[in-house]
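Keeping the supplied structure of chain A fixed, place chain B with the ligands upon it in accordance with the hints.
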Amino acid sequence: MRGILLVASHEFVETVRSKSFLVSLILIPLMLGVGLAIPTWIEHRTSAMRTVAVVDLAGGYAERLAAAVNRRHAREVLSALHLYVRAYARSDFRTAQGLDIERVPAILARPADAISDAEADRFLAAGGAPWALELARPYLRADAPEPQLPPQKLRIVPLADPPPATVLLADPAAALGPWLHDGGDAAGKTPGLAAVILIPPDVTGVAAGSVAALGRGDPRRSVQIWSDGALPRDMARTLKGTLDDLFRRDALLATAGTRDILAADRVRAPVVALDISAPGGRALTLADTIRRILPKALSVMLVYFLYINMFMLMSNTMEERSNRIVEVLISSITPRTLMIGKLLGSSLVAVAMFGFSVLAFFGIFSIAGDSAVVEFAGIVLGILKGSAIVPLLFLYFVLGYFLFAGIFLTLGAFAESNRDVQNLSLPVVLFMAMMPVVVIAFADDPNGTSARVLSFLPFFGPFMMMARANASPPVIEILGSVAVQLLTILALLWAAARVFRVAILFSGRPPRFRQLLRFLRGEE
Amino acid sequence: METVVRIADIHKRFGDQVAVDGLSLAVARGEVFGFLGPNGAGKTTSIRILLDIMSPDRGSVDVLGVRSALSVAHRIGYLPEERGLYRNMTAEGVITYLARLKGLGAREARRRARALLERYGLAAAARRRIRQLSKGMAQKVQVLSTLAHDPDLLILDEPFSGLDPVNQQVLEQVLRDLKAAGKTVIFSTHVMQHAERLCDRILLIARGRNIFEGSVDDAKARLDIRLRLRTEGDVAPLSGLPAIKRVFRRSRDGDICEWEFRAERSLSVERFIAACVEHRIPIRHFTMLEPSLHDVFVRLVRANDAVGGEGS
Ligand SMILES: Nc1ncnc2c1ncn2[C@@H]1O[C@H](COP(=O)(O)OP(=O)(O)OP(=O)(O)O)[C@@H](O)[C@H]1O
Ligand SMILES: [Mg+2]
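Taken in order, these protein sequences are the chains called A and B.
Residue numbering for the first sequence follows numbering that gives the first Met the number 0, beginning at 0 and increasing consecutively.
Residue numbering for the second sequence follows numbering that gives the first Met the number 0, beginning at 0 and increasing consecutively.
Honestly, the hints are just simulated from the structure, not real lab data.
A portion of the hints provided could be inaccurate.
Pair ranges (Cβ atoms, derived) [stated by the list, open to error]:
#1 15(B) - 444(A): 53 to 59 Å
#2 8(A) - 126(B): 50 to 56 Å
#3 297(B) - 15(A): 50 to 56 Å
#4 297(B) - 4(A): 22 to 28 Å
Not the full set, but computed from the structure, chain A residues with beta-carbon under 7 Å of chain B [to be verified]:
#5 5
#6 9
#7 322
#8 324
#9 326
#10 329
#11 330
#12 331
#13 333
#14 335
Glycine included, each C-beta is placed from N, C-alpha and C at the ideal position.
The shape of chain B in the complex, shown without the other chains:
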C-alpha cells in the first residue's frame, strides 16, 4: 500500500501551551482516515502542520511524496475548521477563484464550479452572494470548493459540524463517492458515528499524542463485550465460562433478574447460549451490546487523562 501522508513525531507549542506532542501517523492511498480527539487535542494544529500552513517545532511531514504540501497544493483539497468565504462574492465566483488558485484555467474552473453546484442541488444559489446564503448552504459551497480541482487528497477539519442531518448524510455520501473514486480522505471530528460509518482507519489523539491508531474494529476490540440476560435461574455456572470477566445484577423484577456479563471479544455467543441450555437457565431476554466507537473514545480519553493527570 502506497503511503500518501506520513507524519513523524511532530511537536508544536504556542508559548507554554503544548498543542502537539510527538504525533505520528501514516495514511495509505484510497483510505478514509478519521482524525479523532477531544477539544484542544491538537487536531487542527496537526492538520495545519500537515498542510505547511504552520511549521512544526520538531518532526517531519511527508505529503504526496514531498515535504511541503504547498508544492502539491493542486492535488490537495482543504476545508478548514473555521469556515468562511468572501461574503460579497457569488457561490460560483468563490469556487472558481479557489479552483484557479489551485491551478485550474479560468474557463475550466468555472465549468467545474457550475457542475458541482448543480450536482449538489445548489444551482439556484450559484449566482447569489455568499452573504445571502444560509450558514449551512455556505458551508456546502465551501465543501464543494475543496473538490472543484479534483484533488487526490482531501483534508477536512470537522466537516460535519454545522450541517443538518440531511446534509450530513449528503456529505457522508460525498466522502463515500470520493473513496470510490480512489481518493484519500482525512477528516477530523468528535462525532464518532460519522467516523464509525466512514473510516477505514482512525487515529485517536489527546493532549497532542496518539492514543490509538488502527481500524474501527481494532478500536472496539479495546473494550469488553456486554451481554445482558434476563432470567429467574441461577447464573453462577455461567460466570465460570472462559472469556467472561465479570458478572453483576442490573435489576430485579420479582423472581426475574437482569444480569450483565462483561466478556472479552474472544467470547463465543453460541457457547454462552449452549451453556444456558445445558444448565437449564431459562432465557427470558437476551441482548449483546457491541461497544460503540463513542464508548471507546470516552474510555480511552478518560484513561489518557488519568495518566496525563499524574504526569502534570
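In isolation and in its complexed conformation, chain A is listed as follows:
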C-alpha cells in the first residue's frame, strides 16, 4: 500500500511538473476560447442572407416589417460609412473638430440613430451601398482603402401560397412544418427559410416588462416566430426589436395627443419563438438548445480528454522503460504495485486536469464579459446544477479512464521510443476517434434500441451513457452499464498486470499478438 501511494504521488508530481502537462493546461482554455470564438466569428463574418417569411393574418404588418428590417440594415451601412468617411476624409473636408459636416452630404455625416426613415428609404431607393459609396468618393483621400460595410443578413418576404388561416391557427406547427423542416425542398416549398413569422389576427401591443413582452405570452395572441431549432440570437433580437418598434409606433399614433401616449411609448410586441419540432410548439429557448447539445458535447470532450491523459500515461511509462529505471523499481516493489500506483497517480492527474478545465470553462465565460457568453455560461451552469450531469460526467470519466488506462499503460511498457508509442497506440487511438462519431449518431434517439445496446457494450458504455444523460435513462440501465464497464476494467487490468510484468523487461521488437497471449498465460 505504501508502495502504491509512493508511486502514485511520484507519478502525479512528475507529470504535473512536466512540460506536456503545462502545455495541455494552457491549451485547454485556449481551445475553449477559440471554440467559443469561432461560431461567433463565423456568425459575424458570414454574409449568407437569411430569409424569413411572414404570414400576416392581422394585416398591415408584413410590408412594414420588411421595410423596417431593410431600413435597419440601411442605418447600419450608413453608420459604418459615416465612420469610414470620418476616418478617410480629405484634409480640406476636415476641421479642428474632425469631419467638416457642413460640407459633406448630410446622409454621410450621421450616426445610425440620427438617420431618419426618409433618409434610409432614399438610400435604399437610390441603390444602397454602391450609390452611397459613389456619393462619398469626392470627399475621400485617394489612398482610402475599400470600406468594410455590414452585409445584409436578413430579408423579409411574404410566405408564398400560405395554408388557409383556419388551418394555420388550429395547428401552426403542422401547417408550417413543410416550410421549415429539412424536407421543405422536396415538398416544393420555399427552400432555405430560417423562420416563418405568423402574425395572428387579433394581436395587440403589450406593456414593456409584461410576461408577453418577455416572450412567454400566449402564442395565439402573440407574433409567433417558428423555426426548426434555435433561431440565431442576433436574428431573433433583430426581429424582436423591429416588431417592438412597429407596435410602439402604432400605439403612439393611436394615442397621439392624449395622456395615453406616455403608456404607448412603453408598448412592445408580444413575440414568442417556437420550435417546429417540439410537440405543441413549446417556446424554444437557448437553454433548450444547450440542453440538447451539451451531453453530446461532453461525450466528445470525454474522449478527447481521455486521449490527452492516455498519451501522457503512455509516454511516462515509455520513459521509465527506455531509461531502464523500471528495473530498479521492480527490484523494490512488485510490478503489480508499480502498475496500480501508476494508474492511481495518473488518474489523479486526469482528475486535476478535468477540474482545471471545468474552472477554465467558467473562468473564460466570466472574463469574456460579453453578455451573450455570460448568459450562455449561466444557462450551462443552471443545467449542470439542476441535474446529475456533473456527477455522471465524473463517473463516466473515471470509468472511461480505467477502461483505457490499462491498455495504454501496457502498450507504453512495450515502447522504447515515441515512435513506438505512436505505432503501438494507433489502433486504440483510431478506435477512440471513431467512438464519438458512433455515439453521436445514436444520441439523437437517446432511448432507442441502438443507444441502449451501445450503453451496455464495453468501452462505448460510458460515452453513450454520457450522451444520453439528459434523456434520463432508467437507473437500472445506468447501473447495468456501469457494472459491465467495471467487469471489463477488472478483466483488462488483470490482463494488463500480467503482460506489464513481462513487457517492461522484454527486449527487442514489440511482440505480436500471439506472443501477447503467451504473456497472458504467464510465460515469458
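Same frame as chain A, but now just chain B with the ligands:
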C-alpha cells in the same frame, strides 16, 4: 559462515535461447563476490532471477533467508546493467524517491541522499536535473541511489562500465568500504582487474553454466607458473626438475637465449635458482610470471567453448 545468497540449479530460456543452464552459487555474509563471464553468459539474467525480477524456469533461489528478494527489498541495493534515471528529476530527488521505495521515511531519505552526494563530491549536482549531468556523473548518482537505504546486500551489474579510471578507483573504494562495514557485495564484470583486486571469491560462468567457483588464488592455480630465464648456459638439467612441465626457447641474441619454463604451482623458485647455481648456469635475467585472472578467464572460457562446441 552464514550464507546470504544461495542459488541452486536455476534454468532460464527465452524462446529457444538458453540463457541460464543449471547455475548454482552461494555467497557468504561479508564477502565481495565477483560474477564473471563473457558477453551473453547469462550474468544479467541470473541477477534478475536472484532479485525475483524474473522467475526461473526451474531451480530455487534463497536471498537473505527468503525465497523472493522482493520481500527483503529494503535490505538489498541493486544497480542494473543498463542505467538510467528519471531525466527530469534532480539527483537528490531521484535518490530520495528510490530510497523511499525501499522503505525509508521522506525526511530520512532526503537527509541520506544529501549526505551521500556530499560525501562523494556531488554536492553541487544535488539540485541539478539528471539530464544536465554527464553520463559518468549520472552513473555515480545511480550507484549512490543503491546505497541510500543502507542495504546489507549489494548487487551491482557491471558497475565499472562507463566510469573513467578515477571514478573506477572511487567505486573500488566504495566497495572496500562496504566490505569493511560488513556488507555483502555481488558484482558482475568482464574486466578482471577489478575482480582480482576486490573479490574474496569469484564465479566464472559461460553459456549459463558454472565453470569455476572459488577464490582468485584458486582460479590462478588452474594455470601454470611461467618462468623466464636469459642465459648462455645449457638449460637441459633444469627441465628434469620436479614440477617443470615444459621448456621452450623464446628468443636468441648471439649466445644468449631466453627460455620459458612452464611449471606447476608447487614449483619452488628457490630450488629452481639453486639448481641454476649448481649446474653453473649463469643467470643474465630472471622473471617469474604469475598468471593473471585475465589469463584464467580467457583460458577457461576458451576451454568451455571447445567443450560446448562439441556438444552443440
Ligand atoms: N529479456 C530477454 N529476452 C530474450 N532473450 C534474452 C533476454 N535477456 C537475455 N536474453 C538472452 O539470454 C542470454 C544471456 O543474456 P544475459 O544478458 O544474461 O548475458 P550477460 O552475461 O549479462 O551478458 P553481457 O556481459 O553482455 O551483459 C543472451 O543470449 C541474451 O540474448
Ligand atoms: Mg549483462
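Now for the hints, and whether the structure bears them out:
| no. | hint | in the structure |
| --- | --- | --- |
| 1 | 15(B) - 444(A): 53 to 59 Å | holds, 56 Å |
| 2 | 8(A) - 126(B): 50 to 56 Å | violated, 20 Å |
| 3 | 297(B) - 15(A): 50 to 56 Å | holds, 53 Å |
| 4 | 297(B) - 4(A): 22 to 28 Å | violated, 51 Å |
| 5 | 5 | holds, 6 Å |
| 6 | 9 | holds, 6 Å |
| 7 | 322 | holds, 3 Å |
| 8 | 324 | holds, 5 Å |
| 9 | 326 | holds, 4 Å |
| 10 | 329 | holds, 5 Å |
| 11 | 330 | holds, 4 Å |
| 12 | 331 | holds, 4 Å |
| 13 | 333 | holds, 6 Å |
| 14 | 335 | violated, 11 Å |
Taken one by one, the earlier hints fail for this structure at numbers 2, 4, 14, listed in ascending order.
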